[in-house]
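Residue numbers (the UniProt record's numbering): 1 to 121.
Any given hint might turn out to be false.
Pairwise CB distance ranges (calculated) [stated by the list, open to error]:
#1 L109 <-> E32: 35 to 41 Å
#2 K53 <-> K28: 20 to 26 Å
#3 Q95 <-> D73: 16 to 22 Å
#4 K71 <-> V110: 16 to 22 Å
#5 L1 <-> K53: 32 to 38 Å
#6 R99 <-> D21: 27 to 33 Å
#7 Y120 <-> E32: 42 to 48 Å
#8 T6 <-> I75: 17 to 23 Å
Worth flagging that the hints you see were computed from the coordinates, not collected in a lab. Being a predicted model, the structure only gives us computed values, none of them experimental. Even for Gly, the Cβ is constructed at its ideal location relative to N, Cα and C.
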Amino acid sequence: LPTVVTYNTLIDGLCKVERFDEAYLLVKEMLEKGWKPDIITYSLLMRGLCQGKKIDMALNLWCQVVEKGLKPDVIMHNIIIHGLCSAGKVGDALQLYLRMSQCDCVPNLVTLNTLMEGFYK
1 LPTVVTYNTL IDGLCKVERF DEAYLLVKEM LEKGWKPDII TYSLLMRGLC
51 QGKKIDMALN LWCQVVEKGL KPDVIMHNII IHGLCSAGKV GDALQLYLRM
101 SQCDCVPNLV TLNTLMEGFY K
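Please take these sequences and the hints and turn them into a complete structure.
Now the structure itself:
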């Protein structure tokens, strides 16, 4: 019987080979079977989308996470900030960084290094 950890492992693997549609289907299957995707599930999917240069899909997923009432942690923020910087959207990354304090999320060294790297590219 699969668990959230099993699903997360499969989603991570699918994202690494850029099979995003199948990863989304697994999230849907999780919900249908009564499993709740957690912040790790969504972070894995977002990281895969960002690495696959699908930043708009990652941002859409971000909005869905917030709408579901989940609280993005510093890791999820770092994933999106890195994705935005990689896509040349450093201004958007900075805005997200500035909003972190509004949701009680404390930036870490990775956050700051990612932003600095984005500004210097």
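Just tell me: holds or violated, for the beta carbon distance of R99 and D21 against 27 to 33 Å? holds (30 Å)
CB of K53 to CB of K28, is that within 20 to 26 Å? At roughly 23 Å between Cβ atoms, K28 and K53 fall inside 20 to 26 Å, so the hint holds.
I want to verify a distance hint. Is the separation of the beta carbons of L109 and E32 within 35 to 41 Å? For L109 and E32 the Cβ distance comes to about 39 Å; the hint holds.
CB-CB spacing for K53 and L1 relative to the 32 to 38 Å hint: For L1 and K53 the Cβ distance comes to about 35 Å; the hint holds.
Taking the Cβ atom of Q95 and the Cβ atom of D73, is their distance within the range 16 to 22 Å? holds (18 Å)
With 42 to 48 Å as the target window, see if Y120 and E32 comply at their CB atoms. This hint holds: roughly 45 Å between Cβ atoms.
Satisfaction of the hinted span 16 to 22 Å by the C-beta atoms belonging to K71 and V110: holds (18 Å)
Is 17 to 23 Å right for how far apart the beta carbons of T6 and I75 are? holds (20 Å)
No hint from the list above goes unmet by this structure.
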